[in-house]
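Chemist: Spelled out, the chains give:
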Amino acid sequence: MWLMYALLVPTLAVAAYGFYHRIKPWFVGKPLDRLDRPAQRIVRLLKLGLLQQKTIRERYAGFFHQMIFWGFIVLFIATTVVLIDYDFQVPIMRGAFYLYFQSFFVDVLGLLFLVGIALAGWRRWWFRPPALVYTKEASLILALLFVIGATGFLIEGWRIAATNDPWGAWSPVGNVIAKISRPLFSEDALLILHRSFWWLHMGTTFAFLAWAPYTKMAHVLLSPANIYLGNLDPIGGSLKPVDFESSEIFGVNSLAQFTWKDLADLDACTECGRCTASCPANNSGKPLSPRDIILDLQKLSRRGEPQAPLIGATVSLSSESLWNCTTCAACVEACPVSIEQLPKIIDLRRHLVMDQAEFPEMMQDALGSLENRGHPFRGTQATRLDWVGDLDIPEWGEGQTYDVLYWVGCAGALVERNQKTVRATAQLLKTAGVRFAILGRDEKCTGDLARRIGNEFLFETVAKENIERLQSLGVTKVVTSCPHCFNTFANEYPRLGGAFEVQHHSVFLADLVRNGRLKPSRAIEETVTFHDPCYLGRHNGEYDAPRELVQISIGKDPIEMPRSRERSFCCGGGGGLSFVEEPTDQRVSHRRAAEAVESGADTVAVGCPFCMTMLEDAVNAKSGDRPVKVKDVAEILWQAVNQQA
Amino acid sequence: MQDVLCVWFGSSGFDRSAEGLLGAGQRIAATTKGKLHSLVLGKGDNGSRAAAIADSVQIADQLSLDAYSPEEALAVITSVAKSLSPGAVLFANDAYSQELAPRLAYRLGGSAIGDAADVVAEGDILKVTRSVYGGKAVAVYHLERRPSVAWIRARAQAAATPRSTQAEIKHIATSADPNAATRLLERQTEAHEGVRLEDARWIISGGRGLGGPEPFEQLKELADTIGAQVAASRAACDAGWVPPSWQVGQTGKRVAPDLYLAVAISGASQHLIGIADAKVVAAINTDQHAPIFKHCQFGIVEDYKKVVSLLKEKLQALKG
Amino acid sequence: MNIVVCLKQVLDPEIPARDFKINKERREAERGSANLVTSIFCANALETALQFRDIHGGKITVLTYGTVAAEDVLRKAIALKADDAVLVLNDQSSSPDPLQVASVLAAAIKKIDAVNLILVGRESADWGAGQTGGLVAEILGLPCLAFVDHIDLVDGSLRIRRQTETGRDVYMATPPIVLTITNDDHNLPRVPKTKDVMLSSRKPITKWSLTDLGIEPTPGYLKVAELGIPEKNTMCEFVDGETLDDKVATLARKIADVIQG
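Chains as they are written, first to last, in the working numbering: chain A, 1 to 645; chain B, 1 to 320; chain C, 1 to 261.
By construction, these hints were calculated from the structure, which means they are not laboratory data.
Yeah, the Cβ is synthetic: ideal placement off N, Cα and C, and Gly gets one too.
Certain hints may be false.
In the DSSO-like style, the derived pairs of lysine-lysine whose C-alpha atoms are separated by at most 27 Å in a straight line are [to be verified]:
id, chain 1, residue 1, chain 2, residue 2
1, C, K254, B, K305
2, B, K312, C, K193
3, A, K622, B, K312
4, A, K464, C, K203
5, C, K254, B, K306
6, C, K193, A, K240
So these bits of chain B aren't anywhere near chain C, every CB distance computed over 10 Å [claimed, not checked]:
id, residue
7, S64
8, R163
9, S164
10, G212
11, E217
Please work from the sequences and hints to get the whole structure.
Modeler: Here it is as structure tokens:
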């Protein structure tokens, strides 16, 4: 026994050094407060850690991970019980607790653990999904865990067989092994087998313990920690501001320029690949892999060169790859351990844009136009008031008061197709008797585009101008048709001193319907599927209001596409990508459109002008002979409300 | 009373541009009741057709275009103009002429304006109509200082009426300056086969909507069936899909074809400026609200991918 | 090489046609809500100069003749790392004609001293007269090449490439010389680094009046007698047909009519 403890000390020392080694690189990072709001953090840890709410979203992997997870925990408790009872001589392994928990329950969970490992192995070696990283390390981990579990059962079975344990039946797996072994081996042989396999079991366990912190198995501790330290705000508000006054370098191009939490993220990664599997750019054959970004950064962080340049250091960190990100946050949403891939991508882009001034020409054009003309649609012949036509909508002048400012958005006002959406919205507002006004020619881009592309300086400049203008007019409540504008108002302006109450038009209109101020007078005979805009859904958690509008208008629930709500697939237009020409065979929009068309719906409903632009063309390309329309939820509601529409 | 001097480069012969230039000159001279003089720079045109229109023809055929120097050309024109002291000097719209005209005006103490869509004489004043503000407005300039120098969109001008008599053709001597500050090293001609865009009667032009260089091959095939030239919008040229010399628009070529077929070109005002002189504009575009449709006679709202090859077949069939 | 790049501030040429209004009295465009920007060929000229300096070194002075607002054009050029900036203040209200502009620029270039290379955009995005470069050359008694899209330095001489109707001419030239710059896919204006934008506001700008230059206002030589917005009311006839085939057949017939007529 003393030998075991003698071995445990160096094992734990090696393991501790391993953890120290993992954590040390975090300290080069910049400060960030992630210990606030402990109650919320504990709830988060329970949900995402203990209940594995995100892990189980992927059915097969989630299933076996549950088995391994609970098996691991229960076996760990059982081992601790043994330690306390046997080594510390505290008699707790007694009576019913012994029989029900320590014998029966542990045995069953142990079996699940083994089955879980087997299922994981089956997936890794047989199905070989592309999301996984295929390393010797990963294979060895599975093999070791299996050996530990299997030898555990063998020594239990041979103990039962050798001692003729009267309670053996309470350990069903051990009992089976005992029953098989008894006719095969003598009692002495069983004891020798038990003794030698006990050493094998302990040896493997110790080896594993010592080694684990150096591998992705460190996630057993680091992932729960990361979940606890995760971002509690909406994803849409997770980009960090840049300190222009005191920074010499803008954006991030070395590990030391990240925050400590960004670096901690790198070590929490379990290499599960869910981020890359859900990434629309990656799905469309483009060189962007959030998983590889995290793993490559992890490798670089272990190299101990915190000042070394990151951009271009690996394929995943090349500018080509970074410019394909639509900022849809599917990766962030998919990650079971709360890694934030998106803010890191934006940090790197910020460096490319602000420090190196190197980014795609079409994005340069869009930002140049934003800077000079207040909108990114270079060369447009539309004006901000074209959509108004004969509607008689007041423009908010100095000294006037209205209940609501209708923030139209550049894409709503200046892109011909979207003018129908904002017209429908305005007509609904008028019908409901809402006292609202628009800014007309004085409306300027909120700055979202500049921020997502990476020009934080331009974002701050336009944001401050907007805030100042709205405050001088006395605006308190804003309704907007653009989820990107909505996100900026909701999550980004408050930090700059602009606290306005803001709602996406779907939410505001749904309220008007609920209050009886808008009454749909007929059900539209259409089947509709709803495409969640990333900046309404994933970034801000609003999934129900637009669906409610569809339900009210057509009298039945919308058809759900295979990927919807949190797992919705981007239209391809976020992050400035709607201003970039994609290679024809790599269009994100075409993949989404195909999914929408396959849903069989007559109409694809959207809630974002960029989704409209991206999907309308793509749906036309993919719908073949069957006419499929793309409509904003406001247009659908207006059709239901207005007999003439 | 007020004479008119027309100056052009002989290298492309007495082409459509020279025809239009002399046409405009003839009409102005008729109004001012002055004489029409012409000066041909370099070799390539023997002056015989000009001699049936103008009252005098001078050819500076010793001026080498293969070793072209704007300073040398300017010296020749200045001395001829000084001797004739015309009230107006007209140039065509080519790069060399645009380069020379304002400098000539300065040397002669006159005034200059160019890219004229129309030029008329009224009394002593030359009135020049041209588009400004990127085609958004049209201005009429009055050139009040003598001589009035203008470069005009000559191809859009009606040709002159020839007489039966021939004016005398005079060859003038020039001398090259061995110490010239600029020396032509090489002339890189672009492989834009066939007729120059400015002279093309039919043009098929592609824009950003084509999405890449490959579809231009298709446009080329379509163009070949009717003997048209292929051109492009600034967006397509800037993207590097086709050479910059294919560019039609404010910053590219200004063309005057009988037919201009715009394929996947939205029709920004900068582009429309370049085709303001086209007789018939037609368009293929997916967006029926694209501005190009507000400036064309007929069009089809369809994806060019579905139209171009089919159109080629149909045109071939019509040709028989 | 001492390079002067002349820049002009213009009314944003990309404002929608419907927002474009003119002042009949003054015979120029109304500012309206449009922004003032650097004229595009001027930006191409600056980019050409920056690329030349990136390779061969030298000093770039940006020069503009304009109102106080034109300082913005110079600030943007400073953000792109122009070395010096000179604003010659125009306190007259009307927009000067090409000869007036060229006279002022030429006087300023003389005052800047020892300038070898003067780059001017081929034409401005507002009036587009396309004469400033040539006139500056005449006033200074320098040679001039127009429509240049690339400049290189070979054994102390300039290797200049310029666009013509048929392709490109390549010249060797001895500085000093005036070049007018046109656009090409290689001289698209670069974007500034944010740090340089932030620093650009701190850099001093030299401001001269006509008196500082020792010149009197030159009388203009061009008069805009009329300015109007052209009426365009072409109605497009969209080809009709049951099927795509029908529609394209109609289109083909219409095209054939034009060609044969």
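Chemist: Are the hints correct? Go through all of them and say.
Modeler: Results for each hint:
{"no.": "1", "hint": "C/K254 - B/K305", "result": "holds (20 Å)"}
{"no.": "2", "hint": "B/K312 - C/K193", "result": "violated (49 Å)"}
{"no.": "3", "hint": "A/K622 - B/K312", "result": "holds (25 Å)"}
{"no.": "4", "hint": "A/K464 - C/K203", "result": "holds (24 Å)"}
{"no.": "5", "hint": "C/K254 - B/K306", "result": "holds (18 Å)"}
{"no.": "6", "hint": "C/K193 - A/K240", "result": "holds (20 Å)"}
{"no.": "7", "hint": "S64", "result": "holds (13 Å)"}
{"no.": "8", "hint": "R163", "result": "holds (30 Å)"}
{"no.": "9", "hint": "S164", "result": "holds (31 Å)"}
{"no.": "10", "hint": "G212", "result": "holds (15 Å)"}
{"no.": "11", "hint": "E217", "result": "holds (19 Å)"}
Checked against the numbered hints given earlier, the structure breaks only hint 2 and satisfies all the rest.
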